[in-house]
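> Let the sequences and hints guide you as you build the complete structure.
These protein sequence lines map, in sequence, to chains A and B. Residue 1 is where the first sequence starts when you use this note's numbering, and the numbers rise one by one after that. Residue 1001 is where the second sequence starts when you use this note's numbering, and the numbers rise one by one after that.
Hints should not be assumed to be uniformly reliable.
Restricting the straight-line Cα-Cα distance to at most 27 Å, the calculated cross-link-like pairs of lysine-lysine (BS3-like) are [unchecked claim]: (1) B:K1020 to B:K1343; (2) B:K1179 to A:K126; (3) B:K1343 to A:K97; (4) A:K93 to B:K1343; (5) B:K1239 to A:K174; (6) B:K1239 to A:K93; (7) B:K1179 to B:K1069; (8) B:K1343 to B:K1284; (9) B:K1225 to A:K174; (10) A:K126 to B:K1092; (11) B:K1313 to B:K1225; (12) B:K1284 to B:K1069; (13) A:K126 to B:K1343; (14) B:K1225 to A:K97; (15) A:K86 to A:K97; (16) A:K174 to A:K86; (17) A:K42 to A:K126; (18) A:K126 to B:K1185; (19) B:K1239 to A:K97; (20) B:K1284 to B:K1354; (21) B:K1092 to A:K44; (22) A:K174 to B:K1215; (23) B:K1354 to B:K1020; (24) A:K30 to A:K358; (25) A:K86 to B:K1343; (26) A:K273 to B:K1225; (27) A:K213 to A:K97.
Because the hints were derived from the structure by calculation, they are not lab data.
Here are the chains, one letter per residue:
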Amino acid sequence: MSEIVVTGIGIISAIGNGLEQTVDSLLRGKSAVGTIRYLQTKHKEIPAGEVPYSDEQLRKMLDIAPDCNITRTSLLGQVALKEALKTAQLTEKQSFKIALIAGNTVGGMEKSEQYYHHFLNDEEYKEYIGLHDCGACTEMIANGIAFDFDLTTTISTACSSAANSIMLGADLIKTGRADIAVAGGTECLSKFHLNGFNSLMILDNEVCKPFDKNRRGLNLGEGAAFLVLETAESAARRGVQPICRLSGYANRCDAFHQTASSPNGEGAFLAMKNALEAAGLTPTDIDYINAHGTGTPNNDESEGHALMRIFGDKVPPISSTKAFTGHTTSASGAIEAVISILCLTRGFIPANLNFSEKIESLNFSPVTEVHTNQNLRHILTNSFGFGGNDSSCIFSKIG
Amino acid sequence: MSVYIQSASHISIQEPLSEKWFTEPQIPEENFNLSIEPDYKQFIAPIEARRMGKLLKRAVTTSADALRKGGCEMPDAIITGTGLGCIENTEKFLNAMLDNDEECMPPTAFMQSTHNTISSQVALTLKCHGYNCTYSQQGFSFDSALLDAFMQFQLGRIGTALVEGHDEMSPDYYRMLGKIGYWKKEAANTEILREGCGVGSISGSSSVAILLSNKLNNNTLCEIKNIITLHCPDNSEIKTALENLLSESGITMNDIDAIVTGLSGDEANDAVYKEVAANCFNGKPLVWYKHIFGESFCASAFGIYIGATIISKGFIPEHLLYKSEKEIKNVSNILIYNHFQNKNHSLTLLQTVKG
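Now the structure itself:
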């Protein structure tokens, strides 16, 4: 079966717009989780990883007219998608079939929650009614691109949405339904999400501490990232240098609880195990793990136990980058895939910020300082969603 | 590699968990139609049912019914399409947030609001650790789920899959969608919908679970030969895709008995079907179903369910034919054509497995 390579990546999150700003922030070890500026909520005491641009600034960046109706989720998506297409040298449509797969969870909710009373009671803002659903957000992202996609669809598996989008993209190529798949995810902050996670009492009032014994919860973030996937042959035909390989991936279900993860991390264990099998790798081949590591007591312990079941007492260097960006929910699978790819190609391991004490039941601690000049061959990245939708992807160096 | 539809189950505005719609459909008299709820006690313990929203109950029940009918205990994959997810819980949480100014929020409504709650609730009930995914692409959500399932079979990763479509319609969402032309303004009936003038259709609610397998058994309804998807295609692209779909199965348009369509009474929606029919379908009879099941984001799941039911029964009753024609007998090949707002399109070929 043909090998799937990555030929383009694009990213926007609280730590930066684009690949260079993202790398710079990760190397400097500075969290971008802080006080909410743009989201209109009364819970300003809850910190979050907000992208440092207003909707107006994002529109300007994208050259979108003020009277064009578009949600923030789609604005972020367009920014990341355009960078991914540019790095893949995909500016115009040629004779290939190209698919767009985007993950998102609450669609246009950030606008719906502002205009909801109008939706119900008068005619104002009614154009946004049709932009509420997840699929509409993906169509709005596609509309910003000069050429037509041959397939658009949206995956909504909560916090693993983008990881599952990447998998679907690869499967579309493997089955010959697409030559190129652009896959990722996008999600902006919304009052709905902030209050939802808050109602579950899993938000930390300070910057989160993934894998720390005294971790108290997660910080929400926002952003978008996309990957351009194709076969090595397709990349060669287009004269584009592959960045890395997508060597393995798997999606499994924890089937334990609607929102909590099982104590032994069964879903996570199966996802990682099957991803390794698909890649034809053994656990010792993995040089770095970008963990899901949300900072909630439940996730980190469950993920930790799943990791120990796979890696035994030799858990590779591991960090969660969520203290940098916040948990970007539906986008996180793609944001962390792009971060992993940047680590792979530029040879660094980012720090797991705010760690001080090991979780007692685990046999490993995360990396606390940034490591540069690393020769990383294979990186595993985890994305776990509510409902036990657990997915793992492995990215590998070319050659 | 072959993919078969083993069984299917629905809860909708027709008699639930039943095929009565095939011979004696209830004709909707309102534009806003609620699902008819079955007795859930057979399928879900009352203590569990109390914790589940309506859509989750329907998903668990249709899944259990499809698995039982198909003789499968544990599917290898559960893949769901839903345009709006659990919209009643979403509204409950949203209203609480707006009314209480972001205080005292109900966690259960939030937990049961995410789209993937449906597929994961089915997995949770079955204790199924296999592939689990959820698609939300408007009127192409179920089509996306079916496409994914088909690929998982092609890639040899699964032997069975539950493919589902679930959407509920709340009174508030109905009103909102009415403002952007989703529904007829006046009470519509089959004849008005058939005329296809002006905007809108009638609303429905869809919960459909379909069991797929790569092995034939005595209950198999039909084979799915392939599903082809297109985005914003012109007529010639549809024609080429259709020719490829038919030729790879060794048949021509002459072998197709009828085309199942999403004709709904909405003028712009119907115009696309009529134009494609004129250019690509050689005057073959058109089947419709939204006049009895109503319109919803996952209505296309009924397209596949109805196509499979027609093939297994071998005939098309008069009431499913868009133009008044006599019942069609000896049916063996059905094409299902769906589009959403002329953006996402799909073509699916179903074929009999008998003799």
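> Hint by hint, say whether it matches the structure.
Going down the list of hints, with the structure as the test:
no.: 1; hint: B:K1020 to B:K1343; in the structure: 33 Å, violated
no.: 2; hint: B:K1179 to A:K126; in the structure: 7 Å, holds
no.: 3; hint: B:K1343 to A:K97; in the structure: 16 Å, holds
no.: 4; hint: A:K93 to B:K1343; in the structure: 18 Å, holds
no.: 5; hint: B:K1239 to A:K174; in the structure: 24 Å, holds
no.: 6; hint: B:K1239 to A:K93; in the structure: 21 Å, holds
no.: 7; hint: B:K1179 to B:K1069; in the structure: 41 Å, violated
no.: 8; hint: B:K1343 to B:K1284; in the structure: 24 Å, holds
no.: 9; hint: B:K1225 to A:K174; in the structure: 18 Å, holds
no.: 10; hint: A:K126 to B:K1092; in the structure: 20 Å, holds
no.: 11; hint: B:K1313 to B:K1225; in the structure: 18 Å, holds
no.: 12; hint: B:K1284 to B:K1069; in the structure: 32 Å, violated
no.: 13; hint: A:K126 to B:K1343; in the structure: 21 Å, holds
no.: 14; hint: B:K1225 to A:K97; in the structure: 21 Å, holds
no.: 15; hint: A:K86 to A:K97; in the structure: 17 Å, holds
no.: 16; hint: A:K174 to A:K86; in the structure: 23 Å, holds
no.: 17; hint: A:K42 to A:K126; in the structure: 25 Å, holds
no.: 18; hint: A:K126 to B:K1185; in the structure: 17 Å, holds
no.: 19; hint: B:K1239 to A:K97; in the structure: 17 Å, holds
no.: 20; hint: B:K1284 to B:K1354; in the structure: 22 Å, holds
no.: 21; hint: B:K1092 to A:K44; in the structure: 23 Å, holds
no.: 22; hint: A:K174 to B:K1215; in the structure: 23 Å, holds
no.: 23; hint: B:K1354 to B:K1020; in the structure: 23 Å, holds
no.: 24; hint: A:K30 to A:K358; in the structure: 21 Å, holds
no.: 25; hint: A:K86 to B:K1343; in the structure: 25 Å, holds
no.: 26; hint: A:K273 to B:K1225; in the structure: 32 Å, violated
no.: 27; hint: A:K213 to A:K97; in the structure: 49 Å, violated
Hints 1, 7, 12, 26, 27, counting from the list given before, are not met by this structure.
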